[in-house]
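There are 4 protein chains.
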Amino acid sequence: MSKLTEDAKGVYVIAVTPFTENGALDLESVDRMVDFYEEAGATGLTILGQLGEAPKLTAEESRLVAERVLKRTDGRLPVVVGVSAPGLAAMRELSETVMGLGAAGVMVAPPWTLKTDDQIFAYYANVAEALGDTPFVLQDYPLTTNVTIAPKVIERIINEVETCVMLKHEDWPGLSKIGALRRSSDAGNTRRISILCGNGGLFLPEEIARGADGAMTGFCYPEMLVGVVREYAAGNPERAHDIFDAYLPLARYEQQQGVGLACRKYVLAKRGVIASPTLRKPGAALSPEDTADVERLLARQTRRLSEIAV
Amino acid sequence: MSKLTEDAKGVYVIAVTPFTENGALDLESVDRMVDFYEEAGATGLTILGQLGEAPKLTAEESRLVAERVLKRTDGRLPVVVGVSAPGLAAMRELSETVMGLGAAGVMVAPPWTLKTDDQIFAYYANVAEALGDTPFVLQDYPLTTNVTIAPKVIERIINEVETCVMLKHEDWPGLSKIGALRRSSDAGNTRRISILCGNGGLFLPEEIARGADGAMTGFCYPEMLVGVVREYAAGNPERAHDIFDAYLPLARYEQQQGVGLACRKYVLAKRGVIASPTLRKPGAALSPEDTADVERLLARQTRRLSEIAV
Amino acid sequence: MSKLTEDAKGVYVIAVTPFTENGALDLESVDRMVDFYEEAGATGLTILGQLGEAPKLTAEESRLVAERVLKRTDGRLPVVVGVSAPGLAAMRELSETVMGLGAAGVMVAPPWTLKTDDQIFAYYANVAEALGDTPFVLQDYPLTTNVTIAPKVIERIINEVETCVMLKHEDWPGLSKIGALRRSSDAGNTRRISILCGNGGLFLPEEIARGADGAMTGFCYPEMLVGVVREYAAGNPERAHDIFDAYLPLARYEQQQGVGLACRKYVLAKRGVIASPTLRKPGAALSPEDTADVERLLARQTRRLSEIAV
Amino acid sequence: MSKLTEDAKGVYVIAVTPFTENGALDLESVDRMVDFYEEAGATGLTILGQLGEAPKLTAEESRLVAERVLKRTDGRLPVVVGVSAPGLAAMRELSETVMGLGAAGVMVAPPWTLKTDDQIFAYYANVAEALGDTPFVLQDYPLTTNVTIAPKVIERIINEVETCVMLKHEDWPGLSKIGALRRSSDAGNTRRISILCGNGGLFLPEEIARGADGAMTGFCYPEMLVGVVREYAAGNPERAHDIFDAYLPLARYEQQQGVGLACRKYVLAKRGVIASPTLRKPGAALSPEDTADVERLLARQTRRLSEIAV
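Residue numbers (numbering that gives the first Met the number 0), protein chains in the order written: chain A, 0 to 309; chain B, 0 to 309; chain C, 0 to 309; chain D, 0 to 309.
The hints are simulated quantities; they were obtained by calculation from the structure and are not laboratory data.
Identical chains share a label here; the pair holds if one copy fits it or two copies do between them.
With a Cα cut of at most 16 Å, we get these calculated EDC-like pairs of lysine to aspartate or glutamate:
| # | residue 1 | residue 2 |
| --- | --- | --- |
| 1 | K280 | E128 |
| 2 | K269 | E20 |
| 3 | K2 | E161 |
| 4 | K8 | E37 |
| 5 | K70 | E27 |
Keep in mind it's a predicted model, so treat the numbers as computed, not measured.
Put together the whole structure using the sequences plus the hints.
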């Protein structure tokens, strides 16, 4: 498998990890899920992230999931693997394992204790040294990491840490950050790396307009992410917004912390992608009121999509 | 003016504070803004909150704004005043001033240092003692306050602090919290207080369905908030969602921290409500790219509203 | 009164605010306290800080305390006033008031929401603009402010904000920070400003050795702070440590958050400095077990001081 | 090896993890260190904690360290192993491994994201379920975990989670918490569990007086911890304080975050316990100024110990 590079673009879907109703790994659903994402137009996959319930897996289970996904994609889709860990030794171990299995790269979020600009830079310099020549994605998600990374710190990492090839951008608000990074690379002050956006795609049209290369996030309708990226690339921003707006009420609902993942799995199970919507413990479940909300949103979404002929 | 009670419902708009281009208070725009909110169907107003740039005002300026708003509403709309302060003495002073001017009640957010359930309860018990018989709104906004308040803590405050008459609900996600509080009051375990929702209205239809009494938040189109509440009350939830969906792309954009307020003031100025979109320093301003985003969203919103005949 | 400058040195005692048993301001104790601190060898005073229970005072009470202290010192001791506030307008108001009364300068801690290096710098640049030509002290106390300020950020503030004349250093650990700042000013890269140290004096000997100019902190035996600074200045570091060690068990106890201030006031009342150890509500009180601890420490301290002939 | 119980008392030393100068595990120093702690009077050992640089070890290295320590102690000293992890699956795996090797119990700190009382309780209920019948220590260290645990939450865990047999108490200030827990168990409201205290022993005499059963912390002179506990148990509190006071200046210095561990290893190497003071990267190192501080404190400590005939 070729490695992740600064040229990556499109939609890397954050994959869920399927479990059976009793909480065991469901590897058959993994196959179906990979096929589903590929057919939906995904450019790549990202596995074993926070929303893949990675911390709930044993090391061996993590290896099994990575192996199954990589076997099923069979080199057609690059796979990025979340390897964030409390220490560099564990991070390096997991990274070496998954790169050996054929992953394209890894993703690293900062530990919550980092504060100053220099601390953040030093952390990623240490990460890069630990990971060797493995390309990595810098995950910038202050809402869950507690770490705010200024654009100039990202620029410094880009300039001094060559194996950093992608920014998973999910600062919020973050549109000005994309603009700042693109101005910097356009002016030749920093290497141009790939910027894929998260936050459930809630700002995807505007992010693409600022210079992002696509999305790396989860949503139970990855066709929204694919459609927005595709139409923007084709020079049809209004069409991109039409697609975006049709899915926005549900995307907004799914972006709730905690219950959002339960919503995502509920819809993926309803769509026949995974066998069960189960989250491994400890994990949220949809209440009857939540389910009613989702069903209403799905019905409205279906009507709206037919109105705009998607 | 009658005081705020547990029966409050509808839409309390979080008012901006208008400034001239050079940063001076613009009291004439205050009059126009009050009229605008009233004509849009607001049930009440909330002033001197975080998004009213309250911390940037001197004590005398705060008094002037409150006085002007209260004179213009002239008792037709109840006015809630944000009085959060580092200490209880300053809070009591401001509260006494504005209640003397005719405010209906005050609103208090918790200081960021509170951690345990008991600390949070004790804080509000102390607040109530300091405020005397002034009714107050508990502002529950963890995203900006850093304080997470469990439903059981709110229930304890409701039960033991009788001057707490309203919850400004903007936990996120927070739908299950509304449900828990309503089940508790339905079962007779707690007093039923008013719950008005914040977060820019981004979950308003679902919040109303769970038992919220309306909205207390800002949005440059308060008619969305009013429309959703009205249609839900009239038994037309699908119509409520139609209205909500039409405004959602802009509401989502305006809900960005910092730049969102600049967006709100930009649109209010464009609509002729306030003379200038200026934020007092230090405050964000819209970049040309931001303005382009907003203009596109406004144009699309206008088209969509005409499609659904709003 | 002359204004605070970069040349300040010695011991600026953080003053308590005396209350009567029922919580009223006790201005007569203010006089006695000022005399006590002066006789103990204080070089200056700092009032209306967090440990002066400033947030519990009304604006008028704050003014009364400042006025009384300034009248009693009568220009013999420079007085620094804490003016930290949620907004710049209130900060400027209080600053103008106390400077008009004869204060030497003001002190500003950063709001807890600041994260990146640039945000911290921008905040102090805005503070300086709001304060005009009033010299100010940068309070660097991450344990209570939640803001970690890197040495390079302090250097930038020193270089670009000329009214910043002093660092109240209470980062922990912070010895390397003092060293970094002194190397920077020794090399001519930054202006040399005054560094006075906090944290209850718990690292004072080592801080002086690294280049600090003294202490700005509270302790119920300011003679410890004065003695350490004096003996270091006289070239007697071992004697400085002898004095420090004798008081350290109590200083450590008093440095506990919350209960520490109750301890300080208990001892100051016992020493006849203030009439009552009362903290205004909400405030901690010593339990019988706490009091027993303090009494044991006092008795041991007395014995130890006589052994080393202090 | 018998398992950890509520009756544990004395001094469980937090062991460092020795590395060679190039950062490799130094298992021969592990043997010497175990002997040293045992000869100093330790009742037990705690390994693979934060100050044992556990996150820097691979899973295999962690196993090697645990195995070596357990072989050397050979059942004479109970060994507690830190198993805090981002997820319960990894925690259970490590726990099973070390219990299989003969550990007496495990220790679990809360993840930084926990906020409310119920969230904290639920976390430990889930931990207990994951760990099965393995006894565990609740680590209460808000300064590094960001989680404040109210006494009533600890009481609830004690009452509902029977495998919680010990509190590693390092809240600060925390004396009142010990008192509250002891009053609760004395009154028969909660099971009496072991309370061993951390924070480098900086409040050990007072903690013992409030009802703590001893210490679980690191300090390069464990004989201080042992001596204080021993003298208190023997009814000689003043003697306990004499010992404490003699070591306090150094204990205070070693309690600095980050550089403190470098100080601890420096002294342990100087005392011949470990071959090298090296911390594995990324880790602090002593500057020449730090070393000078430590040497001065050591020299003064030696003099003081001889004065009091220790």
